[in-house]
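**Q** Sequence:
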Amino acid sequence: MNAIVKNQMTSIIATVANDNTPFQKKDLAKKFKLTNEMKTVKDLLSDRVRTIYRIRALRDFGNVKADDLGGFIEHEGNLSHEGDCWVGGNGWVYDDAYISDNAQVFGNADVFGKARVCDNAQVFEYGSVYDNAKVYDNAKVFGSSYVYEKARVFNNAEVCDKAVIKGNAKVCGQC
Numbered sequence: 311m312n313a314i315v316k317n318q319m320t321s322i323i324a325t326v327a328n329d330n331t332p333f334q335k336k337d338l339a340k341k342f343k344l345t346n347e348m349k350t351v352k353d354l355l356s357d358r359v360r361t362i363y364r365i366r367a368l369r370d371f372g373n374v375k376a377d378d379l380g381g382f383i384e385h386e387g388n389l390s391h392e393g394d395c396w397v398g399g400n401g402w403v404y405d406d407a408y409i410s411d412n413a414q415v416f417g418n419a420d421v422f423g424k425a426r427v428c429d430n431a432q433v434f435e436y437g438s439v440y441d442n443a444k445v446y447d448n449a450k451v452f453g454s455s456y457v458y459e460k461a462r463v464f465n466n467a468e469v470c471d472k473a474v475i476k477g478n479a480k481v482c483g484q485c
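The letter at position 80 of the sequence shown is residue 390 when you use the numbering used here, and the numbering goes up by one with no holes.
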């Protein structure tokens with residue numbers, strides 16, 4: 311290694327060693343961040359006013375490209391940094407709701423309370439999932455439909471056309 315290259319490497323190492331910026335290994339895996347764009351929404355379950363923030367992709371994954379704007383979430387705990395899950399368009403996720411795996415929430419859909427949307431499920435076109443409801447497998451909730459309380463929608467089922475699924479109901483597409 312010649313002297314010029316060695317000096318440049320020493321300089322780079324010294325710069326990195328003197329960098330006091332906090333660094334956490336988990337930051338490498340983050341796929342989105344909260345932006346300064348925000349809205350306030352009234353939580354239908356508690357009447358609390360909540361602030362939700364638009365998200366921006368930090369890296370490419372699934373059909374999302376780095377720097378794409380997404381929908382709105384209340385906090386980072388609403389959307390997993392793993393898998394290809396995403397909140398897009400004007401979708402809202404807040405309270406303790408959680409989107410994971412490859413699930414998608416978009417359009418004007420909202421997910422809140424302690425609801426879960428996971429696997430390859432989709433909630434869109436004014437679909438609402440809340441309380442302790444869960445939408446999973448390849449299920450879809452759309453068309454101004456509601457899934458709430460402890461209801462489950464799964465296994466390729468589609469809930470649409472202003473349908474209301476509640477209580478302990480289970481909607482299975484191919485059981």
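Certain hints may be false.
Claimed, not checked - Here are the simulated EDC-like pairs of lysine to aspartate or glutamate, each with C-alpha atoms no more than 16 Å apart in a straight line:
id, residue 1, residue 2
1, LYS476, ASP429
2, LYS340, GLU386
3, LYS375, ASP394
4, LYS424, GLU435
5, LYS460, GLU386
6, LYS343, ASP394
Stated by the list, open to error - Label-pair restraints from in silico Cβ distances:
id, residue 1, residue 2, range
7, ASN373, LYS340, 17 to 27 Å
8, GLU459, GLY387, 20 to 30 Å
9, ASN478, ASN346, 36 to 46 Å
10, ASN418, LYS343, 35 to 45 Å
11, GLU386, LEU355, 13 to 23 Å
12, ASN418, LYS476, 33 to 43 Å
13, VAL359, GLN484, 35 to 45 Å
14, GLY477, LYS375, 23 to 33 Å
In short, the hints are calculated from the structure, not lab data. Just so you know, even glycine gets a beta-carbon here, dropped at the ideal spot from N, CA and C.
**Q** Each hint should be assessed against the structure and marked as holding or not.
**A** Hints and how they fare:
1. LYS476 <-> ASP429: Violated, because 21 Å separates the two Cα atoms, which is more than 16 Å.
2. LYS340 <-> GLU386: Distance ~10 Å between LYS340 and GLU386 Cα, so the pair holds.
3. LYS375 <-> ASP394: Within the cut-off at roughly 11 Å; holds.
4. LYS424 <-> GLU435: Distance ~21 Å between LYS424 and GLU435 Cα, so the pair is violated.
5. LYS460 <-> GLU386: With a Cα-Cα distance of about 24 Å, the restraint between LYS460 and GLU386 is violated, given a limit of 16 Å.
6. LYS343 <-> ASP394: holds, 15 Å
7. ASN373 <-> LYS340: 17 to 27 Å: holds, 18 Å
8. GLU459 <-> GLY387: 20 to 30 Å: holds, 22 Å
9. ASN478 <-> ASN346: 36 to 46 Å: holds, 41 Å
10. ASN418 <-> LYS343: 35 to 45 Å: Given a distance of about 23 Å, which is not inside 35 to 45 Å, the answer is violated.
11. GLU386 <-> LEU355: 13 to 23 Å: The hinted range 13 to 23 Å holds for GLU386 and LEU355, with Cβ atoms some 21 Å apart.
12. ASN418 <-> LYS476: 33 to 43 Å: Violated: the Cβ-Cβ distance is about 21 Å, outside 33 to 43 Å.
13. VAL359 <-> GLN484: 35 to 45 Å: The hinted range 35 to 45 Å holds for VAL359 and GLN484, with Cβ atoms some 41 Å apart.
14. GLY477 <-> LYS375: 23 to 33 Å: violated, 41 Å
Checked against the numbered hints above, the structure breaks hints 1, 4, 5, 10, 12 and 14 and satisfies the rest.
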